[in-house]
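*Asks:* Spelled out, the chains give:
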Amino acid sequence: MSTDHSRRARIAEGPPSPWINKHQNVVQKFEHLYSVANPPRPVTNFFDDLQLTVAALQGLIAEAIRDQVRLRAIGGGWSLSSAAVTDGRLIDTLALNWAFPADATSVVAAYRGDPALLMYLQCGVSVREANDMLFAQPTSLALKTAGASNGQTMAGAVATGTHGSRFRFGAMQDYVVGIHLITGPDRAVWLERASQPVLSDGLIAKLGAELIRDDTLFNAALVSFGSFGIIHGLLIEAEPIYLLEVSRWRQAIDERLKRAMRALDFTGIDLPDKSKEPFHFEVVINPHDTGGGAYVTAMYDRPYRSDYPPPPVSPSGLGPGDDVVALMGNLGDRLPALVGKLVNLVVPSEYPLLKKVLGTPGEIFDSNTDFQKVMSAEIGIALEDAARVLDLLLATPEVKDYAGLLAFRWVKGSKALLAFTKFATTCTIELPAAYADRTMAYYQAVWKALEDANIPYTLHWGQINNFTPARVRNMYGAAVDAWVSSRNRLLAPQARAVFTSPFLQQCGLG
Amino acid sequence: MRRMSSFLTLIVLIGLSSGCYHHHLRASGNRVNSSYFRKTLDPSSEGRRTDYVVPPPSAATGHAGLSSAADCKDNGLYEVGITSYWKYAAGRVFSFGRWSRVKVEWLCAKEPPVIGPGGLGPQPPAPVEAARPARSPKDAARQPRQSQTDRDGFTKRTVHAFFWGGLQQNLLPPPSATAKTPANCKSLRQVKLPLNYGHALITVFTAGLWSPMQVAWKCNEEPNAVSQAKAPALPEATRLWFPRLMPRESPKPRAASAILSSKE
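First to last, the sequence lines map onto chains A and B.
Heads up: the first sequence is residues 1 to 510, going by this note's numbering.
Heads up: the second sequence is residues 1001 to 1264, going by this note's numbering.
If we strip away everything but chain B, and leave its shape as in the complex, we get (with noise of 0.2 Å):
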């Protein structure tokens, strides 16, 4: 009766959620903004395109004489934020394609640290640039694999959300030695949105139960070579919720997880 009731409560809160999908993509860097770039995209901001890309285009005009930071030239994307509606995929089916928008969000990626000299004594040569580094053997395990890539240096993956948006899949970190995954990037030069018909014919047919989406992306080139060789991402968090949907060896140790917990 109670696991019932539970389930009852699970369904109207998704129910709820009104086809509203979200999914995030992350790469394995530190982010070096506090707070998101963000900008809707469609025909009239980005021109009629097979696909849509973050950064934009138009995201790079700056004021006050100083240049914009949302072209994240300096060291690639740390994070993308896709935001799309049921009523959106509705829009492209009914045009046939021609209308499509989507909002997007993102975060510029950080420069590994540089770390100094020690002190007054003599001065290295050049400062060292800090990597992150390995822990134990079998981290080395989870040592990011090269994903296929397409010709153009893009890796793509279809991206699923259920339930009006009450279960969304979002590829972060740790990176994976078995997974195509933005997280085996330290930082990301772009990631596409392909417009893709077919999805948003499944978004509208299925009443926003089920919405596929399919992104790709490319890797930044990597700033530091010799450190990254020799340093291996660490794992980074994980996700506790809904432990039945994921696939879980045993729970990650925190002092307080995620949702519901410390905010500090």
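With the rest of the complex left out, here is chain A (with noise of 0.2 Å):
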């Protein structure tokens, strides 16, 4: 620890309540804001000063505890459900953006990977901050995988589940190998699975934690939305840098296209490489132009070159206004014949055909500029269901007046036990739409059709849900009383107090 006392995080006040999230469709008033600083510059002891960081948010929860409120570390804002927040005080974290890669001293002789690929992100640190860390290393990484923006917090990413369409590998929980968590006033635990012990004894003192291997309890930490305390920063596991090659086509939604979607069978579909498997594989359809079929689109993975034609982009210009789609939404709910001329309307330039651009993955999925008032629901099923519930979906009478698209990516199962990517192939079923009470009764209506048909469905957490105790332990049988009993085990009863939320009771988790 710093022999240097006067030295010490910094903590002020942030925005006034209400808090209201990116898309604007959570808007959660609170007690205080704190935003939490690491130590100023100079940084002559890296260690010292991340320690002084944990003290500091250590402190915030030694107050909350003594006044009995409730108290939740918050990320960038994008998630779309109320999971992220709390009603009594907020951290925004987004300050807290240190990071250090590993090497051989980092690592336990057990661990079988390789530790230059590793890297520790401070709780704070964007999905596109993270790019550019990992890409600025000596040997250039990149990320294994990531949702389609890059403004959201990477602990926010992976606490409710993010993920991309790289449908062999998993979700954003599934490349992170070490948790550090504040649980208590007086208490930070390092977690990693017993069968995959990464960082070494030394390390872990320098960082000042307590080391905690269990596969139980860092499967149920992972997702785990903020409530097993505040993570103040990941591990992860990258991969050498890449380049994405992205095609995107239109494609008739026929068995050949539902072929594709329900095994993962690309025999009928015209890809552009037809070597390889695709890396990443996505669908979106258009409800109100089946007709025109699917806007298909595959991502190669390619070995990165400096040469290579970035993708173009375009200055700032004229677009539309901020109120446009929410507009949108609320004449659709007036006069529900006009959802799909302006559905078809914007279609065609969000989604622009592609052939073989070229780009970094974080180039590629790099979405963060919109300012619109929108809604969005996600859910996962088995990827054998997949083709029957695009039937579901569009022959739900309420689809004619949904103001949104149905768009399925497809990801491999993740060990996390409250992953909504659960099935062995997850596919995922996201529905973006305009912010629109027609919105919503597609979503209920579509939730019912799935529960009526017996098809079993998980929802993305932080995207609009139905969540009740009943449907969240439907969703996922015994992995709740695993995933409850790991906070019980984590969490002394007066952290445990402080770190639930109205959306954890909710969900009947805590």
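Be aware that a few hints might be false.
Looking from chain B toward chain A, a few residues come up when the C-beta cut is under 8 Å (computed) [unchecked claim]:
(1) His1024
(2) Lys1110
(3) Gly1116
(4) Pro1117
(5) Gly1119
(6) Ala1161
(7) Leu1167
(8) Gln1168
(9) Gln1169
(10) Ser1262
Keep in mind that the hints were calculated from the coordinates and are not lab data.
We treat Cβ as the ideally placed atom computed from N, Cα and C, and that holds for glycine.
Need the complex rebuilt from these two chains, each delivered in its own frame; the hints are there to steer you.
*Replies:* What follows is the structure, encoded as structure tokens:
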């Protein structure tokens, strides 16, 4: 610990209540919003300073316990559900953006991977920053997978189970191999799987953490939406930098496409490269223009080279007003006959057709500039149910008034106990739409139709949902008990009370 | 017929935007707040001025013994959002400039990350501050140009909104070698909103069809000049909406794009 007793992390008061998420559909009143930053520069002892930040966060936990109020560390504000927030005190973590790589001295002898691919990311590191930090390593690295956006924090994205469509890999939590978790006013732990030990005792001591190696505890804490304490940092396994080659075309919604959707059997699809399996595959359907075919995107991983033509970018210019999509939803609520026309007007410019465009993962998955008020829900189903559920989505009567799209992606099953990508291969169906009553009506109708048809499904924790204790138990079964008992094992009762939230109670998890 | 029907739909849509005008100015760094600071600026809060400034001087009052982060003093501004209405312009016009009001929201910018030493080996003399890397030779061509600025260090530009706010102009990344944009700054020290009577007059007498607004910004001093020099900023997201209204070489690939697409 630092001998400079004047040195400390910085705490200031953040924006006033209410807190509003990025997509403007969650408004949360709170008592205090703290903005916490690492000790100021110059930084002469990195690990001591990290411990000072941990101490500052522990001080806020102690105050919350003393005052008997709830506390939650928040990420980038990207979630469309209230999973990320609580009604007491909030901690804005975005300023906590330090990181360190590992080397051979950082890991235990039993670690089976390459230490040069490991990176510790503090909780406020955004996906965009993570991409930049990894690329800037002496041997450039990249994330194995990410969502479509880059404004979330890595910790927040992992904690809600964010994913891409690398169907032979998994979601973002599936490359996390260590969690630095602050569980109380005088306790910080380093969590790893017992079956996959990684960091050496020496490095864990430098972090000032207590080592816990336990598979169940680790798998429970991975997707826990901030309810296991404050995640101070994550240790991730990255990959050597690669390029993605992106093609998008329109494909008839027929048996060939449905075979690909329910079995990832691409034999009937006219893929741009038939010599290898796509790295990433997604299908987007405009329910108001099914005759025009689906928008199919395939990405191939290619070796990195520096002379690739970078994705062209446009200067910022005239675009739709901030209120246009909300207005579109509002208009659709009053004049539903217009919904299809409005969606058809927007989609072609949203989904341009592409032919073998190259970019690094950080360049391809970089969407973060919309200012619209929107809604989105995301369903997880088993791969084999994908085509059946597509038919169900299109047959639901409310679809004709639904100002949105149906976006299918595929993700390998996760070990995280409450990962919504829980099936051996999960087909995720995102329903991004205008903010409207009729959008919510469609979501409700779809959830009911799935239940009526006895199709097992899950829902993304960070998107609009219908969670009740019974539904969550129905979705996750015995994993709910293992998750709750892990949380009870890790957190003292006082800390457990502080880190609960209305969302957790809604789900029957706390 | 189909095209005409789409056009009419669009006209109805923007006509109902009700004269609400938004503009966003964004630097090329990263944000440090997950939610905006918000304030309505008017003479009662800011006093009589020839321009309003963001962060407003009245914003930095803290509570509970803590200082407020609203003044963005650590690393400047990342983004400023401006909202105005036709009625605000009318108020300025018919009070002959004595009354004016604008809503602003802002996010502070993040300090560059610090990359610590790897492992238990010998410690470097000081941790390395990470910077955005150059990725290809073409990136170098996108390096921001030093904009022409006034003597006070502010760069001015007029932004426009049309069709009652249905179309708006934002100044967002990527940095530009040819255009004046706040994206040429890692972070902004201050944004000014000069009170221009002529612009209010145009807004009122075009019945809200066209609403110009002048904005001015000043870059924050670079905290890490060395790594800045070595690391040109990367292109960030671009708007793909309304392609006929935007200069566009070819579309940027995305797994899913901005509005009716993946929100993760």
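*Asks:* Evaluate each hint against the coordinates.
*Replies:* Results of checking the hints against the structure:
1. His1024: For His1024 (chain B), the interface hint holds, since the closest Cβ of chain A sits about 6 Å away, which is under 8 Å.
2. Lys1110: Holds: closest Cβ of chain A sits about 6 Å from Lys1110 (chain B), inside 8 Å.
3. Gly1116: It holds, given that the least Cβ distance between Gly1116 (chain B) and chain A is near 3 Å, below 8 Å.
4. Pro1117: 6 Å, holds
5. Gly1119: Holds, about 4 Å.
6. Ala1161: 7 Å, holds
7. Leu1167: 5 Å, holds
8. Gln1168: Holds. Min distance 5 Å.
9. Gln1169: With Cβ-Cβ at 5 Å, under 8 Å, it holds.
10. Ser1262: 4 Å, holds
When the structure is compared with the earlier hints, no violation turns up for any of them.
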